[in-house]
Amino acid sequence: MLALLALVCSLAVAAETPPQSDAPQSAIVSGRVLDADTGRPIPGALVTAYGSAAASVTARILTNQGGFFVVRGLHRGSLALTAVKSGFVDAAYGQQRPAGGLQMIAIDEGQRLVDLDIRIWKQGALTGALLDETGDPVIGARVRAFRQIFVAARRRYTPAGEAITDDRGVYRIPHLTPGDYIVAAPSTQTSIPAEIMDTFFARTGTDAARADLALEMRSIDAPIVPAGSEYALAVGGIAMTLPPGTATPTSRPSGGLLVYPTVFYPAAAVAAQAGVVSLRSGEERGSIDMQLQPSRSVTLSGMLGAPAGMASHVAVRLLPVGGEALGEDVATATTITDSTGTFTFLGVPSGNYVLSVLRVPRLQQAPDDGSKITVQAGGVRVSTAAPPPGPVPPPPIPADATLWALVPVTVGAEDLTNIVVPLSPGPRMAGHVEFDGAETPPPPSVVATLRISLDPADGSAPPQGIDYDAGHPDETGQFTTYGVPPGRYLANVTGPSIPGWFFKGARYEGRDIADTPVEMTKSDITGVVLTFTDNPSRLSGTVRTNGSADPAGLVMAFPVDEDTWSSSGSRPRRMRVARADKNGLYSFANLPAGDYYVVAVRDDTPGDWWDPARLRSLSRAARQVHLTDGEQKRQDVETEARR
Amino acid sequence: MALAGRPNVVHSMKAMLRSALPRAQTRQSITLLALLTLLTLPTRAVAGQNPTAPRDAAPTAQHTATLSGVLLSDDEEARPVRHARVTCTAPELTGGLSTITDERGHFTFAGLPAGRYTIRATRAGWITMAYGARGPMRPGTAIPLADGQTLSIVARMARGAVMTGTVLDENGQPAVNTGVAAFKPSIQNGERRLLSFGVPSTTDDRGIFRIYGLPAGDYIVGAAAPSTAPPGADIRLTTDLDVHHARTAGAGVPPPPDRGVAFASTYFPGTPLAAQAARITLRAGEERSGIDFALQLVPTTQVDGSVFSAEGPIPPNTQIVLLASGDTAFPDSPFDRLRTTRPSADGTFSFSNVSPGQYTILARSSSPITWASTQIVADGDRVSGVSLSLQPGLVLSGSVRFDGDRLKPPADMKSVRIALRPVQAQGMVAIAPPEVTADANGRFTVTGVTPGLYRLSASIAGPAGPGGWLLRAATIGRQDTLDVPYAIQPGQLTPEAAIVFTDRAASLTGTLQNLAGGAAAEYTVILFPADQTLWTPQSRRVQGVRPSADGTFAFLNLVGGEYLLAAVDDAESGEWFDPAFLQRITPGALRIAIADTEQKVQPIRLARD
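As given, the protein sequences belong to chains A and B, one line each in that order.
Heads up: the first sequence begins at 13 in our numbering, then just goes up one per residue.
Heads up: the second sequence begins at 24 in our numbering, then just goes up one per residue.
Just so you know, these hints were derived from the structure itself, not from any lab.
Being a predicted model, the structure only gives us computed values, none of them experimental.
It cannot be assumed that every hint is accurate.
Covered by chain A, according to a simulated footprint, are these stretches of chain B (three or more residues, beta-carbon under 8 Å) [stated by the list, open to error]:
1. 214-228
2. 278-289
Residues of chain A placed beyond 10 Å of chain B at every Cβ, according to the derived structure [claimed, not checked]:
3. 50
4. 82
5. 149
6. 293
7. 409
8. 455
9. 597
10. 644
The C-beta atom is built at its ideal place from N, Cα and C for all residues, glycine as well.
Bound-form chain A, shown alone (with noise of 0.2 Å):
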């Protein structure tokens, strides 16, 4: 769903700004969701109308007995419809496929279209059993599904989905796309020092650091819970939280604790060597089972190296070695420092793994203002607060240093203690905004609402705790970003669209580093400048088939120069695809200037569109188009058959 709603928002902001006249003439669409396998018309689905036409629609439809729909006040613009029933893949018009390429609608004033049938795929499944060593089921633990998916010509892993286990050990995780898919119970480790709980339930120390202490904690989920209770034992001063699931440590007789690490399906202890399992639209998957095995496991501690004050209460991950491919999702042993920086790992079977810390600056938390209610129900209280009218400003990037280590640890059968990990500090980027163009720039305070991302070349998922709000600029345009673990990065900007301006690039000496990547070693970069046009470039045509229109095409762009592809980061600009309307036309806004292949693809079989191997044989069928800054092309393709 997340990946739907991102591609129905990009094409929302791609797309004109709607008309605001209250036009006396609303357009009306109907039609029905209908099962694509059947063709029955299914009551009781969820269409929502998004899109510049529909920007005054806030209701969404609940489709009827006959599986009718149907959705007014819609003005001129572009339309998306989306249709969500449990049971379903989340649809959307004019897909081909589950989860496939949708189509937007035209939408005139006052018109009237009433056969907009939407399709819809039922779901796969994932069943099976977690059980222990000795054959008793795993009681509520948690089943995850990564689905395979490409980022960067690389394989990587998405969540697709989870389950608890009953009583008897089964879950079922429901509602998959068709695709490939791995399946782990996860187990983390998660060891707090006792005094950082005492901190919550004694309530030591200041409010305000012991909101700092939660957020660290929350960054690995670590249960604020009492040590010496049901959720968590007491272990030397370490409580060491018990997840929910009956496969708990144990301490075994000759000292150390005997734990259930994490399994992916059907043995194995790491992502890399996971069986994968393939699903096919509506499939059911059963016997999809895993034993826990328990493992010796040892004590690593250590401390951080950092400036004064800066090492402690700091989140420490454990990382497996083979296990990239789910980015940090899946830790193996997780904990915080105490306040003299010391870290204690309780739980950790043998193995490779790498030691992770990233220290992001904290930012100074807001005053309460007493702005919450506090509501008291039944001798339970809840604070609440609307939220503020209007937008935030984001808070200033700290001056403090982002403080990074990542350290290779081989875990034997041993205790590993005195670990010195000394961070570093991470480099910045700054730079400024431009605006070129003959439009008027937006004022100041619209520049301030920019957000500055820095994503991995690698497409691996940026750091924890700055995600993709690396940095923003003031009113002036300035901008500073937090420090970021070194590394090669794109420059990028997200957050809200300005009306009437496009992102078109990241200038540093003499380059684009919104595409190509930028190294960053220990230093800070300096003289970013980030450009945005009034003139975006626009690529379109028509999708032919045998001659004729083909409303069901879908039109990849994607650089001829192949070394670019792994290094495009997560969200690359020159990999687009686009979906033909109802006349076969398609259309690529703002696309960078560049050689791209441009080819017309049914989009009605399961797989990933970025396959390194398929777009490489689709490059050969592919016409190449070179567009230059601000160049409105037309470029008609044909539609090829799938290979």
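Fit chain B to the given chain A structure using the hints.
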């Protein structure tokens, strides 16, 4: 109330003396027995230590005792329960201890100070059980341990029962991702209410749910209104008129009115009201299937109103909260329909897509603090003209005092946090004033108080260990709100508040013996005030404990007063806060006066008639 049918056995000396008690008072399984005070042993005030119930784990406490045991399944085979979580608590311990049973069900807690220990076992899918308890939700017995003592116990726990079924939507299709829970009346915060038991379930893509870990008992099963839309997002049902209009009506023909709908919370076998739900009786460990029912679509209501202030324009930070009251909220989740908004500059506000039911609408501004509140009923028709008149918040001021001869008061009075907690009738909602801390002189001021019943409370930052400061009194005017809530009235000056901490609490310890002089460990001893006006939920003067295997019992941290003491053969934890329950056991209870700071020892003996 649920006492009927529950095998409560009340013991009293008076009952023995009136052995010809009319049968009418001993109806059903309730039998009145006798409690014999051993008058030959005079009650005495004990200033020193009681060997079986040490008052404080002073710094000199030894940590030499060991408590170990085996956890067995509570069935005929009595197999070891592996990988269960066992917790160990005692008044003599700061915080608790926990461990995991090994493959043979064994657990050990070593290095313990002498004390009275309570053991509890939990395991997913099993029923949490206190050691020695007569059933789930019942108090366990304490295990007295002396310095250097090693004790081994056998604890038991049972697998929970299971309920499964299918929830459908209004079209007879699976209702997916819908929360389903099993509820049973039980006691929480001293009041009986519907509480969720077992592990709540979410329906899967086939609409199937499975609730497990349930103790035996009578349940109702409910499905929470599925959140197909974010709160407040309108859902409009497509009608045949809509389709007809879209397809055939000429331009200019007005469309049919919108029909806003929402899913209603529904209880098995198909009612929106918990009170009308069918009772499902579960036996221990049973798996019950076929709990099938369907969700209903209900018309939603648009609520419009305005907020105004007699002082002039409404404060800019005014917020409006809408939340379910009465039986409208799903049991155990009173805030499932909480909505918040801000009024426009002219004070108007609206909530759309409100499901049927009773609601409270609250308004509050933070600077200056003003408030307003009203009730509405949503039934599908538009509710308009809701009027909220902002009133200035009231103020409560007072001071904190430490009255002790053993402990030093905290160096920093600012470590004392004061909370003024609303005390409400069931189903009602109230604005809780923010917690405040005392200043360096111990003075505090709670602002923005709305009229209502309140209990004042205070706590000190830092670990709460044995023998620390205790809250002795929290008075508003002359009324101690720890005993009876204080009614803060609009338009009246609230009197000065006073919070007193003490380091000297009274206690009552003793031994419960049967007629033969043996330990009567199977009973529950209940201590409650003689004055019925003090029978309030969660009153500190009402306590229930199970004696240890040797018959010893201890009530700690008491305040002085006239008390009644009774023994019953079974009681759910907290059931003793129910005035009707206390009323029933009063005739057989023994009257005891306990002075402030008195360490009273009161051996008692039961006698059956």
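Practice prompt. Please name the hints from earlier in the document that this structure breaks, with their numbers sorted from lowest to highest.
Written response: 4 and 5
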